[in-house]
Structures are given as C-alpha cells and as structure tokens.
Amino acid sequence: MKKYTSVRAFREKFSFLVDHKAFKYNVSFLLFLCFLFLLSAGMGEQYFSPWKVFNILLGNSDSFESMVVESFRMPRILISILVGISLAVAGAILQSILRNPLASPDVTGITGGASVAVVLFLALFSNDSNVLTVSIHWMPLAAFIGATIIAFLLYILAWKNGLSPFRLVLIGIGLWALTKALTNLFMILGPIVQASQANVWITGSVYGSNWNNVQILTPITIGLLIIAFIMTRHLNIQELGEDIALGLGTKIERQRFGLLLLSTALIGSAVAFAGGIGFVGLMAPHIARKLVGSSFGNLLPLSAIIGAILVLLADTIGRTLFLPIEVPAGVFTATIGAPYFIYLLYRQRNA
Amino acid sequence: MQLHSKNGKVAGLVLGVILLLIVNFLSLVLGYTDLTIHTVIDAFTQFDGSNEHIIIQDVRLPRALIGTVVGASLAIAGALLQALTRNPLASPDILGFNAGASFFIVVALMLFSISSLQATTWIAFLGAMIAGLLVYFLGSVGRDGMTPIKMTLSGAAIAALFGSLTQGLLVMDESALDQMLFWMSGSVQGRKLDILLSVLPYIVIGVVIALTIATKINILTMGDDVAKGLGQRTGFVKLVTGIAIILLAGGSVAIAGPIGFIGIVVPHIVRTVVGNDYRWIIPYCAIVGGIFLVIADIGARYVLMPEEVPVGIMTALVGIPFFIYIARKGGK
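Sequence lines, in order, name chains A and B. In terms of the working numbering, the first sequence has 226 at position 226, counting the first letter as 1, and numbering is strictly consecutive. In terms of the working numbering, the second sequence has 268 at position 268, counting the first letter as 1, and numbering is strictly consecutive.
Next up, chain B with everything else stripped away, as it sits in the complex:
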C-alpha cells in the first residue's frame, strides 16, 4: 500500500501522530502496577502524592517520552545512514555505534570510576561518534569509494573489536558487569527526564538538519555521479548527513543504551508507504519509530512478568528476522 497524493501523505502523518499519542497514553496505563485511565488523568490534573501518581509522573512518563524520542531519532538515523551508504542494511547498531558507546562507558566506569548518569551520557556520545567515524573512514577508503559491503564489514569489524574489548574488561570486574549488563542491552527504563533534556538539544538539531537536507538527500540517492552532474557538492552533503547521524544515533545511545534494529525496520516500512522521497520519509520515520519503540517497551513489560526484558532485546528479536529477509531479498 503506497500513498501517492500529497493529501494522503499528510493524512497518514496526522493519523501517525494520533497513534503515537495513543500508544504513549497506553504506556502510562499499562504495566506491573495496574492503573486506570482515570488515575492517569488525575495524576496530571490533581496530583495527590499517592504511589500511583508518583509512578506515573516519575517512572512511566519519562519512560514513554524517552521511548518516543529514542525511537524517532534511531529511525531517522537509520534512514539517513541507508541513504548515505546506499545500503539497505545500514543502521547505527550494525555499523558499530552501539558497541563503541558501550566500550567507552565500560572504560570510564572501570578505569576512571565515572558512573554518574550525566557523565555516562557524554561518554556514550563520544564512543558512538568515534566508532561511527572509524567505520565511515574504513568503509570509504580505497579506489572504489564507499561500497555497501565494505561499509557493513567495517561496521561488523568495529563492533567485534569494541565488543570483545568490552567483554574482556567486564570479565575482570564482576560488579561492573552487574552495572553494565542492563544498560548494554538497551533500555528506556529507569532513566530520568533530566537525561532526556540534556541530550534533547542535540537530537533536535539532528532532526532539523535531516529535514532541511531532505531534498539534497533525494538527489544524493541517485548516485554520486548524477548528484555531481546536477551541481551538488556531494562531499559537503555527505558530511552534513554524517553529522546529523552522529547527533541522532549518539544521542539516543547515550539515553537508552544500544537499542538495535529500529533503524533498519522502520525506514523500510516507511518506504513501502511513502516511496523514496526523503522529505516524507524523515517525518514518517520519526512518528513510526516512536510508535514502534513505545510498543516494544510496553511489550517488554509483559513478556516475562514480573521481570522486565530490556527493550533492546525485544527490538532485536523483532528486527533480526526482518534483517535476514532484506539480506535475502537484496543480495543476488
């Protein structure tokens, strides 16, 4: 089902926003502590300090908002990466961003005993950025420039590098393992709104960049030669896109840890609905990504009740069959 008319696309977007609001509301209601819709409304209109109200304001609300923001920015980052690398399988996790962030956090925690959430956020940012730059550099050196397979392999290599180093460090320190394990699987639980607020500016900048360069990306996806022929400064556009990706992916990994496969699944679904126009893909990705992650997070509460499954594991379990499907379809 593909939407062709502009009105249809706008209507779809509006519908998406409504759906996003509904799942966000459901995220406030559903969970281990049973709440009614009525309590949720009360918690905001007549806050009385009861347990339920505190749960809603301090636990569920940040969780829902963080889920929305992280889902949206991961989906946009994935769409941009796929355009930039012309590789349908590119996404921040496959390209090693998450592994880089994990490694830097473990190093900070073990060698410098940095464990405040604020500092961790910045270190994750740094790690994702370094890994991303490394992968980009490795994937694009050479005569034939950046090819999809080279990019995917360098991503896997960097992920393997940081992954095994992280594992090695964790072996030597059991308490760090305990602290790290949940973060390393990606979770939107237990994060305070402050973290979201401190990273939000970067994510917003990333989204704004993504929206403004959408037309340029449309041209870029036609191939370097065509884009150059049309008078585009491809190097500059690629650089700006790269910055947007790092802001979005780094920001979300900093908030929620490595949550995988949203960056692959969502852009693909979106493309079947709105086609290949990035002016539409990017806003749709934001909405659908948010919906997807919030639903995954609600699901994560129920799978093994009363234990919580990190949402990153949920998205991986949904996303990997999808990944394999695309890999089968794409390769000759």
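The following block holds chain A by itself, in its conformation from the complex:
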C-alpha cells in the first residue's frame, strides 16, 4: 500500500503530500475532540446527553436548555479549544527552534511575562477599594504586551553572533525566574483580594470566557495558524540541524526570528484569555511526535488537535468533578504535565 497521496490544486501551484498514517490519526483525534466537545457541553449542574446537546445546537430545544449550553458553556469550551490549539502549536514551534524537546512556553519565561503584566495591570488600575478603574477587557492586551516584551528580551539577550539554542534555554530560565520574582513582588504589594484574583489567572483558567472573547480570539488564532502552516517548510529544514539548513540556503536567523515572533503571538493571545495554562505546549507536540514523527506538515495539525483535547478535558474535569468548587484548568494540566516532563527527562537519558 502506498504511504502517501499527493494532492495538487490550482495548476500545481499548490501541492502537498498526505501521509496516510498521519491522516488517520488526525481524523480519529478530531472525532474524539468533537465527541468531547458535545460531552463537555452537556456536563455541569444540568446534565444533557451528547445527542441532546447536538439537538440543542441544531436549535431543537427550549430556551432554557439553549441558554445553558450556548451562553454559559459554549464560549468556555470554544476558548479552551482555541487556547489549546495556540499553546500546542507554539510549543511545537519553540521546541523546533530551540532544538530542545524540553522547551516550552512556561520554561522560557514567555508565559511568566504575561503573568507579570497582569499582576501589574491589576495593581496599577485599581483604586483604594479594590475596584478596577479601567475595563477588565484591557487585561488580555496587557498580557500580550508582557509576553512580547519577554520574548524580545529573550531574543536580544541570547543573541551573540547568532542564536544558540543552548543560550536561549539558559536565558529563558533566567527570565522565568525574573518574572516570578516580579510577580511575587507586585502580589505582595497589592491587597490580598487582588493577589488571589491574580493567582487564579496565573494558574490558568477559562472561567470568565464569554462570546466576546471568542469573537476576538478566533480570527487571531486562525490567522496565526495559517501563517504557522505556511512556515512549516522552514521548520522541517531547521530540524536537520544548523549546518545542513545553512547549506540548503536557508536564512536561518531571519526565520528563527520570524518563528519566535509567531510563537509569541500564539502564546500571548492564549495567555491573554486563559492565563498560564501550563505544560500543554510541552505535552501536545510530544504526544503528536510520538504518533506521526517529526515532519511538521503532519505534526502541527495533530499537535493542535491534541492541545485542544488536553485543555478542554482539563477544564471539563475542573468545572465538574469538584462541584461546587471550580478548579482552574491549569492545575490539571500541571498535574498531568509535570510528571510527563520528568518522564521525558528520564527518557532522554540516552539521547
């Protein structure tokens, strides 16, 4: 049996190979995501079966049911999926440019930069009675700016006749520590109400999502994803190693910069809406790589789907298992992700 099918369109201007195995995985994980989507929309204090949810979405239901599903649960679910996709794709890209399977948005300090910005935002724009003086809608923007600043710092500080992955990782760890110290400082200086508000956010939660957020995040994510898919060719070449990539005529530094920017944008937008949901950017690309290998044409879509599944699953568990307490999704991704990280380190022992 042939392993690939080639797809050509627009008079051969557009062509790519479809790997059968990867295609199968993609489709089955996508189906699982759809099932999870219906299941998650039905779960909560009011339980609806997946089939019922499907009907509700088609409009065959009373107004109460459609309100619960469409106004309360749906935005949250959609944000989870979008955030999962962004983090996973960003993680895959970061792991490739840093040439290190352990790199992730958390450890490079980019998520931390966003956290600092949020805590600072809460501290700066509150009056004495802890009421925000500006709209909370500006918080995502602050997070995005924070993430971008750290990414630029990371890039500038790690630059010395080019960018070595090793230095990027080390300086990333340094910046990560810096953001932690600053976050703690601002949290201590502010009142406790804010500290706990900020803490929920830093841990990562899609709790407050509404349709407004979905409307903002969807076009951003889709746009960035398209760019990511166009740039995958470069990633494949970079994976071969610096010398080979240079020999093949790649403008490696410029591409690295572009890719770093792209992943920051993905992380920034995700973090802005959901806080620092940790380890998704680490786990999803790894699981995907194990299933379909490291060719990015196959890897990125599968990472994206797995990332979405992870965040959606974590949030669904977080909001249903311990009712009436809501546990932020980030707690669950960390409890699965951190041991996984250690397992990876252990696995690497002979690499």
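Hints in this document: simulated from the structure, not taken from any laboratory. For glycine and all other residues, C-beta sits at the position ideal for the given N, C-alpha and C. Some hints here could point you the wrong way.
[Said to hold, decoys possible] Chain A residues, not near chain B, derived (Cβ > 12 Å throughout):
#1 29
#2 71
#3 104
#4 177
#5 219
#6 223
#7 230
#8 232
#9 289
#10 325
#11 337
#12 340
[Stated by the list, open to error] Interface residues of chain A toward chain B, partial, derived using beta-carbon atoms under 8 Å:
#13 75
#14 167
#15 170
#16 178
#17 181
#18 184
#19 188
#20 331
#21 334
#22 336
#23 342
[Claimed, not checked] If you only want the chain B side, here are some residues facing chain A, beta carbon under 10 Å, derived:
#24 59
#25 155
#26 160
#27 163
#28 164
#29 167
#30 260
#31 305
#32 307
#33 308
#34 310
#35 315
#36 317
#37 323
Assemble the complex: chain A is given as a structure, and chain B must be docked to it using the hints.
Just chain B now, with coordinates in the frame of chain A:
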C-alpha cells in the same frame, strides 16, 4: 583583581570579617524605626525594656544574624553545586530546591494544617532534600553522566513541577495564599532566634564538611577522569558534597524561605578574587555571602518604605542580570 599570595588572601579574609561585622551593626541601626548607634550599644549593655531596646534585641538582632547565616550557607551551597555539576549557573534555587520546599510547606499547611514555625522548618528541609535528590537523579541518569545542560533543565523542570502544583493548591485556598506569599518570596524578617538555633547545627555540619573536603573538590573540578586517575573515589566525594549541599541549602530555605541567586552571584565574585582553590573559595563565600544578604536586607527596608520588600526579591533583581551575563559569557 586577584589575590595571589597567601598573606594577601588571609588579609582579605580578615577585612571581610570586619566588613561583615560593620554591616551587621548597620543592620541593627538602620530601618523604619530610627535608632542611634548609642541606643544599640545601650540595648546590650543596659537593657531598660524600652521600645527601642526591644526592637533591637527581638527584631533587628535575629534578623541580622539570620541574614548572615543564610547568606553564608547559600553562597557555600552554590559554590559546591557549581563544583559538583561543573556548571557555572548551578545554584540551589535554579535547581529546584526552593520550589520543592515551598510545595511541601503548602501541602503541610493546607492538607494537614501544620503551621507552627518549628514544624514548617522541618518540612521545608524535607522538601528541599527531595527536590534536590530528584534533580540530581534526573540530571545524572544516562550514558554521558551528569552534564550541565541536563542538570539545569532538570532543575527547571522540577521547579516548574513544584511551582505549578503549589500555585494550584494556593488557588483553592485564599487564606493559605496570604500566609504563604511572604514566605515564598524569601525573607529574613520576623523569624525568631529559636528557628536559627534549631537549624544551625545542620548548617554548621554542612560548613565543616565543605571545609574538610575542599582539597578533594579541587581535584574533582579537574574532571572525573583526572580525579579517578589521581586515585580519588569520585563517587564518595560527590555523595559527601551532595550531603553538604542539602544540609546548607535545606537549612537556609527552612529558615528564610526561597532566597535566590546568592548562590550564583557570590561564588562568581569570590572566584575572581581568590582564583579556583576551594580551600579559599569556601571561607570567602561564607563571608561575602553574609555581607551580601545583610546588605540586601537593609536595602529591602528602604526601597518601598514603609512597606518591606522580601529580601528574596531584592537578591533576584540583583542576581538575574548577573545570571544572564554568565549565561551569555559561558555558552558558545
């Protein structure tokens, strides 16, 4: 500026001790409550129970002593770690000791409602030890043994693991967050002398071990093969060094919480002064580390007066640019 002669090094050490005494004295005088040198002397010679005297004896003195001890032991622990891992960026905080201690304390506080300072101290010790062993194990499995990058990454991984778990637990309990926040940033304020005294034996043992194995460490830093060729039982030396590190780092995190970057900054400064001989590096680290932390603590009182900044944040803000500088210099 490097000191070469033995006399020069001894003189430097004496100078360091004098400087340490001076900053300790300044730490008694300076702060939110303005005191004069005269009052400080009176507080010890003719204690009259006045507010000022109580502040000096019960607040400022423990603070200065704890700062000295913690600074010294963190600096020595950092120097030993750097020798052991042959990684210029190794230090107890980067390698996850502090995150481990924080996590165990939060667990103890939330799940078992343990909050007495005495118990907390022991739990912090335990947490630092577990995290340290985990990092050491993860960083040294594999065919090529312990490499700097593997060690740093496993440290970051363990720190991330414990950090996010701690954060997750704190999200669920607001009052615990309040209690933990100040401790988690590292502070030498508000600790009683009892805590220092209960941990001091371990720190002293750590320092003694460090001083006695200094010559062995000198050989170890030449590389495993050379050390083995010279007849050293490297495994044993590494184990003993590891124990000393855990005693020192665990002890100081137990007293003062996670105070970062002293373990990186101080040994590097010391190395430029006395070279690579650990027989000198260790005592110098102790003195300079003490001076550094006491100064940082005095600074922490003034930055945002009347609020206090935890000293851990001060050392981080000073230390991180330093860390980045070394990372840039070290990596090719």
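Confirm or reject the statement that residue 325 of chain A sits farther than 12 Å, beta carbon to beta carbon, from all of chain B.
Answer for residue 325 of chain A: violated, closest chain B Cβ roughly 7 Å.
Supplied contact hint for residue 184 of chain A, tested at 8 Å Cβ to chain B
Result: holds, 4 Å to nearest chain B Cβ.
Using Cβ atoms only, decide whether residue 315 of chain B comes closer than 10 Å to chain A, and label the hint accordingly.
The hint holds - residue 315 of chain B has a Cβ within 10 Å of chain A, the shortest such distance being about 9 Å.
Hey, does residue 219 of chain A actually stay past 12 Å from chain B on C-beta?
The claim holds: residue 219 of chain A sits with its nearest Cβ about 30 Å from chain B, beyond 12 Å.
Quick check on the hint: residue 305 of chain B CB to chain A CB, less than 10 Å?
violated (13 Å)
Closest CB of chain B to the CB of residue 177 of chain A still more than 12 Å away:
Contrary to the label, residue 177 of chain A does not stay out of reach of chain B, its closest Cβ about 6 Å off (not over 12 Å).
At a threshold of 10 Å, is the proposed contact between residue 59 of chain B and chain A supported by beta-carbon distances?
Since chain A brings no Cβ nearer than about 19 Å to residue 59 of chain B, farther than 10 Å, the hint is violated.
May I ask you to test the interface hint for residue 310 of chain B with respect to chain A, counting a Cβ-Cβ separation under 10 Å as satisfied?
holds (7 Å)
Residue 260 of chain B was flagged as interface toward chain A. Is the shortest Cβ-Cβ separation under 10 Å?
At 6 Å from the nearest chain A Cβ, residue 260 of chain B passes the 10 Å test, so the hint holds.
Per-residue hint verdict: residue 342 of chain A, partner chain B, C-beta under 8 Å:
holds (6 Å)
Holds or violated: the hint that residue 178 of chain A contacts chain B, with Cβ atoms closer than 8 Å.
holds (5 Å)
Verify that the Cβ of residue 223 of chain A lies farther than 12 Å from every Cβ atom of chain B, and report whether the claim holds or is violated.
holds (30 Å)
Hints 3, 4, 10, 11, 12, 13, 22, 24 and 31 from the earlier list are contradicted by this structure; the remaining hints agree with it.
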